[in-house]
Amino acid sequence: MLYVDNLSLFYDLHLALDNISIEIKEGETVVILGANGAGKSSLLKAISGVEPISGNASLIFEERRLNDIPTNERVGLGLSLVPEGRGLFPDLSVEENLRLGANPKRARQFEARNREFVFDLFPKLASRSKQLVGTMSGGEQQMVAVGRAIMSAPRLLMLDEPSLGLAPIVVLELFAALSEVRAAGVSMLIVEQNVKESLAISDRGYLMETGHIVEQGMAEELRNNTLIQKTYLGST
Amino acid sequence: LASEKSVKIGYAVSKTGQNSAGAGITTAPNYVLWVEDINAAGGLQLPDGSRLPIEIIEYDDRSSSEEVVRAIERLATQDKVDFILPPWGTGFNLAIAPLMDRFGYPQLAVTAVTDKAPEFAERWKKSFWVLGGGGDYSESLADVLAEANKSGKINNKIAVISVADGFGIDLIKSARPAFKKHGFDVVYDKTYPLGTSDFNAMIAEAKASGADSFVAFSYPPGTFALTKQSQIASFNPKVLYLGVGVGFPVYPKIAEGKMEGVMSLGGVDVNSAAFTDYAKRHMEVTGNPPDYWASSVTYASLQMLQQAIERVGLNRDAVSKELSSGEFDTILGKVKLEDNQLRKLWWTGQWKNGNFVAVAPATREGAVSPVIPKPAWQE
Amino acid sequence: MITGAKVSVAIIAFGLLALLPFFLEAYGLGLMIGMLSYVALATAWSMFSGPTHYISLATVAFYGVGAYTVAVLNEGISFPVILLIAVLIGLVLSLAVGVATLRLAGVYFVIFSFGLAELVRQLITWYEVNVTGTLGRYIFLPLEPQDIYWLLLGAATLTLIIGWLVRRSRIGLALRVIGDDEVIAAHIGINLTRTKLLLFALSASLITLVGAIQAPRWVYIEPSIVFNPTVSFLTVIMALLGGPHRLFGPLFGVVPLFLLFEWLSANFPNHYSIILGALFIAIVFVLPNGVLEFLDRFRLRRAKT
Amino acid sequence: MTSFLELENVAKKFGGLTAVRDVSFTLSKGEIVGLLGPNGSGKTTLLNMISGANKVTSGKISLNGVSIDSLRPDQIVNKGVSRTFQLVRILPSMTVEENVICGLAFRKMPVWGAKAAIIAREKLEIVGLKDKASLPGHSLNYIDSKRLELARALAADPELLLLDEWLSGLTPEELEAGIELIRSIETTGISILIVEHIMSAIRALCPRCVVMNSGEIIADGSTGTVLQDDAVSAAYLGGAPCCMLTISLCSMTYILL
Amino acid sequence: MTSLMIGLVLGGTYALAALGLTMQYGVARIMNLAYGEFVISAAFATFVLFSSINLNPLLAMFIVAPAAFSISYFVYAILMAPLVKRSKKKGNLENDSILITFGLLFLVQGILLVLFGADFASYNYLNIPVNVFGITIAANRLIAFGLAMILGLSLYCLVAYSQWGITLRAVATKPENARLVGINVDRVAQIAFAIGGMLAALAGVVISMFQTFTATSGVVFTMKALIVVIMGGVGNFMGALISGLILGLAEATVSTYVDPGLTLASTYLIFLVLLLWRPQGLFGKGVVK
Ligand SMILES: Nc1ncnc2c1ncn2[C@@H]1O[C@H](COP(=O)(O)OP(=O)(O)OP(=O)(O)O)[C@@H](O)[C@H]1O
Ligand SMILES: Nc1ncnc2c1ncn2[C@@H]1O[C@H](COP(=O)(O)OP(=O)(O)OP(=O)(O)O)[C@@H](O)[C@H]1O
Ligand SMILES: [Mg+2]
Ligand SMILES: [Mg+2]
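Chains as they are written, first to last, in the numbering used here: chain E, 1 to 236; chain B, 1001 to 1379; chain Z, 2001 to 2305; chain V, 3001 to 3257; chain L, 4001 to 4289.
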């Protein structure tokens, strides 16, 4: 479904991604692990088109070359991102933010169904639908961000640390919900520090270090990988 | 001097900014026309009978005092022009007066209406004030109104509004005692800020005041708005006197041809062949007719300069002396300055049969007697 | 940062400028007067608006008040005293205004400051018309252009020195923090109101001083002349173009723009607007970061090759 | 230990919404306390009121016995309270070092000039940002921004430090380092009020914690007891208190201790 | 009563003149200092159509408005789009747009000066009295009032409730995030700017029916419009409508009951007091922190 090959990304002179290649198959959920500053967010940004990438990369989504397609059209193709910092519209209400999620043409037909799903997932959003997002608590905003991405009926949902700032109980619910999303056949690319949870709902994973992929494998393998166990699962 | 090939004449007027409309109607076209007229005749004539063409240096003062001052400095010391024509506006003429004096240029201040003209002429010996002072216009108006009141055509109540800038204040300040002297009762007397575009409230008040005469010492945008809004409000006082703009060529269009009877400052003697000829050439050369107030005076002041040069040459001191003492033959007739001021002017005019004719001073030849009460707004 | 060489260059430059009136004729002097006044205005403006990003269009309010003070007081009091009084009036006015205004952010502040300038103008007009009954006022002071030039040179130098001091001081840093993020500013111990007010008043007082110094040049003063909003706009534009974040940025905006205006109005009096507009647009595209930054970059590139 | 920070019946309303109601608790000098609660329970709002970013609707907040609830944020900073923000705030146009210098320059006893640069480097070293001192603020990634925020807060020389989810988004390894860092700060005698959703961190750092729900305090006591509390589990932790997440993190905490 | 009527009608004009700017500044984030020049250009265009081929200004609207739309569309493409692109990194679109539209102001004004000179332009259309509740008002002013109401209310509803309106507001407040929900930010901004230009032109057409204008009178409209926009809250059409009416009413009331000399002062005073009371404008939404 998504092939990324030869992807490099520079911030001015700083090389944040160095020749990255990854692949996500139809219906697959893939997790990206890595320390802070490894380039995980940069990778998601590059795929979604928020940051420009070097010329020789190839980015292919469902047989379509993405390189020259702007971000907004990638969303239209079914590629949604919940970015670092959430990317919400603070001056708009919860309801309006969700409606904007369903802005792409292909998402409109599923709007009602997806909204129901989002409200099931985060009941709080239903009761706060008129509140301006900017006045919500950090965790509440995170719910809106995930909800909005779901509203866009993605084919590939990319989540950058979706559990950030959520209360433990909500984190559990979130992962339960994501596994439902997965069950619905949506492919996912997740960046998470909640390694155990995210591996539990993933098929495969990559491990990044300073702009490189250093390890990859099936979720099971990664879980048993000693390096990962040591640094990301906190067990010996 | 003999070696010169042309006479350099410079001026700065507002081509842009808030003053550009006024300058573009009254001042700049007359400069163009005058130069055209003279150069067509082979140039400025000098005492020896030779002619030198005029070379013009013009600047845009961008409606800023600082700019106009600098432009004059530039004309005087950089371009070293032979003569400098004045800018548009009372404030700007005053701003440059000390400079003109210092550099020794005669200043024929036209579009400057100030009651302090005698004082200024005294202070700056080479300055000439040729459009009168506010008092001249308002006293003349008071006379006209008094006459009508005496013959029972209007009651003794007046409603008056004035624009809050130097011009409007000058007029209203002298108008108040003048009206009072003639026994008038000023029942509505308000000042409005420059830039006001809606006069409906003031018109309504004036209408309710019971005054037969409505006087507005206004500027063109206000004059136009007052005209249109009075028509709509069917406000048709027996005397309707509006300020600058009534004499502008566009005025009939603005009034939709219903300007009959509207009074204002200035006016012309339409029977004077000199004026009609001038108006025709103005139209030909600049594409627009002259306005009925300051245009012809502007042109006349240029004629005075021209004739002074013809008599005494390019020496600026001599020209200044000649301007203050000589008599000149202009489109306004034969004129002579008194204490550096032109007094032979038309103070009050009125639209009559499609012309803005002069009605006061009534004693002067060419004056027409005013139509009071003003006919209704219909054509 | 500050070297002896730089100081001596500055002193020599100042000395040369001070001698200029002996070599220039009236027009050249007039040009310098106009330029210096905008240098002082734009530098004073940038002192507050540069770091805080509060774009003030109230320049002409203070400038006009300065000029008007001179017009009102010019008989009987000596000029230096008048200048002092003008500055004091500017100070009081700006403090009063600042208390109210500085709560506003962004464009709300921009337009508020514009409205303020107009309000001052309207109130003065109304007062003159209804209370004193004299709208236009005359200034007959025995001041020659070179006197005005020297005073303006002094004012511009003073402004630059103050600007330099502010920049080096904690309050300068505080302003930059405020410009970046007022929430952080408050939470690291900056008294927002006091800091902004102080600098706003300082900047406004200097602007008032410039207006007062320049007034005698015009002889006749009325509100529509001295409260001409163009002054505010030009100040902003020149400062922005030069680079309001740097001490000499405004200077580098004023000089070329001023000369450009002059050159255009002299050579193309009838097409001034069109050419100016087109050039202006071109400048914005060519110099995205202001003149000073452009020069810097140019120098860097030269140094590299 | 004497009471240092004291909140009495503090409440905050936003229009119709009561974000915090009737909150009272005290914090002793040198104490480190965790503040927990579901999303939207009013934790950040409470910090905002202590730091002066929000005015209290009613109630009293005092520090060292002096009332601070009517003071401006800058006055409160000068009373010795520093904070970080849940949504990181750094000065984007300044360098990392300048960001810290700003923390030094406006505190109660300001430091300025060359000395400030030295202290700034020290603070940056503490949070591990020394190498990035000359980078512009806007180029830092999320975690480094957080570190910088902490360095800036420390620069103000606080007696009380308010941390709003400062440890969120870290890998376990980094979390460990972060916890270590906070502990080292605590040992210098600074009191810390720490808002966090990461239980392992709370357990590791805070002997005592306060739990909020819907703007009210529902539990206050020793961390172990509070986290066993049924109400807390139901509202916050979700079902059984020892879910998978908590287990794994508990064990890590165990190692740390 | 009379002054109420006069004030409302006057206020309608102010509101009408401000609608386009609130679109351009509120959505496309272009602080358009040349806004008034757009208004005046449309006024001149109407004037020319009226005096050359005697075209009814109400019909001229259907020529002038689409023309203004396409011109603004291209102006955006040529002048603004590069700035927007450039400012993505540095975020100084406001400064840049002030500078560039300042240039544009001179350019347009210069062209108008060359084409039409400095003279006052005026024509008369529907300058006929209409009786409303016993008060006579010019028909052309009523049209201005009506148009302001219709446009203002419908734009308000559109922006507040339609999907398109939400899109507009998304672009207005967080353009950098809008693309994440599939919005083509540049295009939306461009269309918003063009619509703003069209609204400016509509105002110009209507105003030209009752007000004399010159090539240089654009600035006045820009400033009035800015004040109305700011007072109402940037990007809020209802705000623009209501603050326009408030200003009109204030002007008429002060003129009648206090002193015409204080009308403009009162306008500014109301504006200033209102802003101090509500720093984000009447209807501006503000999110703190
Ligand atoms: N806008 C930027 N300008 C310059 N450098 C940047 C920028 N954004 C990120 N970087 C740098 O690029 C590298 C990768 O950053 P990225 O945000 O992708 O890391 P990450 O793996 O997502 O880390 P985190 O877990 O902290 O979010 C980091 O070293 C970071 O400092
Ligand atoms: N400015 C505001 N206007 C209106 N409501 C607000 C405002 N600020 C906060 N709230 C509301 O107050 C409640 C408490 O918010 P707060 O930010 O304190 O929560 P929190 O406990 O920090 O949550 P989180 O763990 O998600 O950060 C929330 O419901 C939020 O929506
Ligand atoms: Mg990241
Ligand atoms: Mg919070």
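Mixed in with the good hints, there may be bad ones.
To be verified - Here's a subset of chain V near chain E, in silico, CB distances under 8 Å, partners left out:
| id | residue |
| --- | --- |
| 1 | Pro3038 |
| 2 | Gly3040 |
| 3 | Ile3119 |
| 4 | His3138 |
| 5 | Tyr3142 |
| 6 | Thr3171 |
Calculated directly from the structure, the hints in this document are not laboratory data. Beta carbons: idealized from backbone N, C-alpha and C, even for Gly.
Results for each hint:
The closest approach between the C-beta of proline 3038 (chain V) and any C-beta of chain E is roughly 5 Å, which is under the 8 Å cut-off, so the hint is satisfied. For glycine 3040 (chain V), the interface hint holds, the least distance from its beta-carbon to any beta-carbon of chain E being 4 Å, beneath 8 Å. Contact between isoleucine 3119 (chain V) and chain E, as hinted, is not supported at the beta carbon level, the nearest pair being about 26 Å apart and thus beyond 8 Å. Annotation: histidine 3138 (chain V) was flagged as interfacial toward chain E, and the flag is violated, the nearest CB pair being 10 Å apart, outside 8 Å.
The interface hint given for tyrosine 3142 (chain V) is met, as the beta carbon of that residue sits about 6 Å from the closest beta carbon of chain E, less than 8 Å. Below 8 Å, beta-carbon pairs count as interface contacts, and threonine 3171 (chain V) has one with chain E at about 5 Å; its hint therefore holds.
Hints 3, 4, counting from the list given before, are not met by this structure.
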